[in-house]
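Participant: Please construct the entire structure, taking both the sequences and the accompanying hints into account.
Residue numbers (my numbering), protein chains in the order written: chain S, 1 to 233; chain H, 234 to 610.
One or more hints might be untrue.
Said to hold, decoys possible - Cross-link-like lysine-lysine pairs, in silico, DSSO-like; alpha carbons within 27 Å at most:
(1) S/K220 x H/K605
(2) H/K605 x S/K78
(3) S/K78 x H/K511
(4) H/K605 x H/K240
(5) S/K15 x H/K236
(6) H/K236 x H/K511
(7) H/K240 x H/K511
(8) S/K78 x H/K236
(9) H/K311 x H/K344
(10) H/K511 x H/K605
(11) S/K15 x H/K511
(12) S/K15 x S/K220
As the list claims (entries may be wrong) - Stretch-level coverage of chain S by chain H, calculated; a stretch enters the list once three of its residues show a Cβ under 8 Å from a Cβ in chain H:
(13) 51-61
(14) 70-80
(15) 101-112
(16) 117-128
What the hints assert, rightly or not - From chain H, some residues computed to sit far from chain S (all C-beta separations above 10 Å):
(17) G279
(18) S298
(19) Q352
(20) I380
Derived from the structure by calculation, the hints contain no laboratory data. Think of the CB as a built atom: it goes at the ideal place given N, C-alpha and C, for glycine as much as any other residue.
The residues making up each chain are set out below.
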Amino acid sequence: MALVELRNVCKSFTKGDQTITPLDHVDLDIEAGEFVSLMGPSGTGKSTLLNLISGIDRVDEGSISVGGVGVTELSRGKLADWRARNLGYIFQTHNLIPVLTTYENVELPTLLLRLSSAQRRQRVELALEAVGLTDRSNHYPSQLSGGQEQRVGIARAIVAHPQVVVADEPTGSLDTKTSEQIQVLLQRLNQELDITLLMVTHDAEVAAIASRRLLLDEGKFVEQNVDTPLKKS
Amino acid sequence: MIKYVIKTLWRHRTRTFLTVSGAAVAMFVFCFVGSVQEGLNRLSNGEDANRSLIVFQENRFCPTSSRLPQDYANQIGKIDGVAEVMPIQVWTNNCRASLDIVVFNGADPEKIQQNRPLQLVEGNWQEFESRRDAAIVGKNVATRRGISRGDQFSIGNISVNVAGIFESNVPAEENLIYTNLNFLQYTQGLDSAGLVTQHEVMLQNNADPDRVAREIDQALRAGPVATTTRRKGAFQASTLADLVDLIGFAHWLGFACVGLVLTLVATTTVMSVEDRMKEYAVLQTIGIRPLRTLRLVLTESTLLCLVGGVAGTGLALLALSLGGFAIGAEGSTIAFRPSFDLLVYGVVVSLGLGVVSGLVPAIQAARVPIVKALNQP
Ligand SMILES: Nc1ncnc2c1ncn2[C@@H]1O[C@H](COP(=O)(O)OP(=O)(O)OP(=O)(O)O)[C@@H](O)[C@H]1O
Ligand SMILES: [Mg+2]
Chain S
1 MALVELRNVC KSFTKGDQTI TPLDHVDLDI EAGEFVSLMG PSGTGKSTLL
51 NLISGIDRVD EGSISVGGVG VTELSRGKLA DWRARNLGYI FQTHNLIPVL
101 TTYENVELPT LLLRLSSAQR RQRVELALEA VGLTDRSNHY PSQLSGGQEQ
151 RVGIARAIVA HPQVVVADEP TGSLDTKTSE QIQVLLQRLN QELDITLLMV
201 THDAEVAAIA SRRLLLDEGK FVEQNVDTPL KKS
Chain H
234 MIKYVIKTLW RHRTRTFLTV SGAAVAMFVF CFVGSVQEGL NRLSNGEDAN
284 RSLIVFQENR FCPTSSRLPQ DYANQIGKID GVAEVMPIQV WTNNCRASLD
334 IVVFNGADPE KIQQNRPLQL VEGNWQEFES RRDAAIVGKN VATRRGISRG
384 DQFSIGNISV NVAGIFESNV PAEENLIYTN LNFLQYTQGL DSAGLVTQHE
434 VMLQNNADPD RVAREIDQAL RAGPVATTTR RKGAFQASTL ADLVDLIGFA
484 HWLGFACVGL VLTLVATTTV MSVEDRMKEY AVLQTIGIRP LRTLRLVLTE
534 STLLCLVGGV AGTGLALLAL SLGGFAIGAE GSTIAFRPSF DLLVYGVVVS
584 LGLGVVSGLV PAIQAARVPI VKALNQP
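Facilitator: What follows is the structure, encoded as structure tokens:
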């Protein structure tokens, strides 16, 4: 059984008298330890897919399970509990809590786990070390650069040791150099910490770092050959 | 998580400070009104209120107009159920409602010491008994008028030598000045030799106050002046009737304060939460339950109310204990005193208001549409 399983998933939105169905009976399997990148034209439902997998949005039809848990069956409160332990979410714009320091932002998810304060401290320090921000522990988000903020966001997403981490255009608002740092970081997280990653991106070069590349087009997933040479932008 | 709440409040410290100050002012007034209310309740329900009777001239209200023969005391003393009678001459500087009323009670010093719950904090009883123009002064009056032992205190035609300052567990007592009965009777302008304003009747333990009151009035009907006898509590409540109405009205002021705190804190919390809907969506994406989100907001509003409320209550109690405030009319006074009950009441009301005022924004935050809020810029 795959770590993430989507079966027959449908999701549509109604705006006025118009109905858009970005996801129309889609199936998808992601194995544990995979690093999957997902590309596709704007408005095809990539973000929607991540939101459904993380349970912050609801499917209209079909089912999603992650690590054997039927995400589509859980109540809102249970979903939150489940996310705290099993899912990390990396936003395009980091979404850090402005009143909390780097350390406190990363610590936040660990407060929801049953950990001793020593264990908690260790987790946070490890996560900060992984993203190379140990020396910025006491800085507030407003005192960090965009790349640093994104790295804090990543540390926050992995600190609870989730089964899956989803990332919605994690490099979307960064310059090329910073973006490259983040790419290296994500690759390391996947290879060294064995984190299963699902990343949405518009950048083919970013997509190329993944071990498996998918294209979402007209409501269907298309596997891209990893060996296919990429168009340079 | 409490750190998050406190830091959030600190981030908007101007707004927080203004809200807390507003809550403090309102709770200050609330406690002040509460203390007036308490003073009134003590007068009509206190221990003292039902175990002694006041015999007054029929259809008279102001102490200057009630003139009873002093020797009525002998007749009253014979009635079954009466433990003791204390003839009292009352003098007041103001028969109408006033915030700075001075009331003299002239009675036999020995009886005062026996029957009134007074403790001298300065001076001694011997001195009070030995000098004809000696007086002992209640702590409240002393504070208000800046009187200390050894002073010569004059008001109107009366001039007394202060032999002591007393405290009492009956706060209204602390608004009185006690002198010798004789001294007050012979004060120029009162011309009350052989006459007193009222007789205070101490009852035996098991005597029915209303029966004794009826019997007193019946027995004295034959005398030169008819009387009305009431329980002390009822007597004071009726002499203060106008004030009682006013205080009833002040009660509404208390409610208005509660409403004020409620809207103030609710507004601040709603503003704070609406500004940060995206933050709550992020928190829930991280794994914070809706219920916990609710608690975070309630903690925020409760902190605002509690800090403001405790400050306001504390200041009110401080002002009450230092100010020696009292309001009086026709020789009866209501003391505004700080009390432990008032403190508990202030804190509990603040706590309750904090929770209630946070309820609506808390529900908003808990039910935030996560995806929609995350997509906000
Ligand atoms: N709450 C909503 N109400 C109405 N329509 C919505 C809503 N959310 C998404 N949509 C529509 O669903 C479609 C898919 O949206 P989604 O955000 O998943 O696209 P996307 O693939 O992530 O696009 P992009 O690459 O631009 O981020 C879009 O056409 C969008 O307009
Ligand atoms: Mg998107």
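Participant: All hints are to be evaluated individually against the structure, with a verdict given for each.
Facilitator: Each hint tested on the structure:
no., hint, in the structure
1, S/K220 x H/K605, "holds, 25 Å"
2, H/K605 x S/K78, "holds, 20 Å"
3, S/K78 x H/K511, "holds, 21 Å"
4, H/K605 x H/K240, "holds, 26 Å"
5, S/K15 x H/K236, "violated, 40 Å"
6, H/K236 x H/K511, "holds, 19 Å"
7, H/K240 x H/K511, "holds, 17 Å"
8, S/K78 x H/K236, "holds, 25 Å"
9, H/K311 x H/K344, "holds, 18 Å"
10, H/K511 x H/K605, "holds, 9 Å"
11, S/K15 x H/K511, "holds, 22 Å"
12, S/K15 x S/K220, "holds, 23 Å"
13, 51-61, "holds (count 4)"
14, 70-80, "holds (count 3)"
15, 101-112, "holds (count 5)"
16, 117-128, "violated (count 0)"
17, G279, "holds, 52 Å"
18, S298, "holds, 69 Å"
19, Q352, "holds, 54 Å"
20, I380, "holds, 55 Å"
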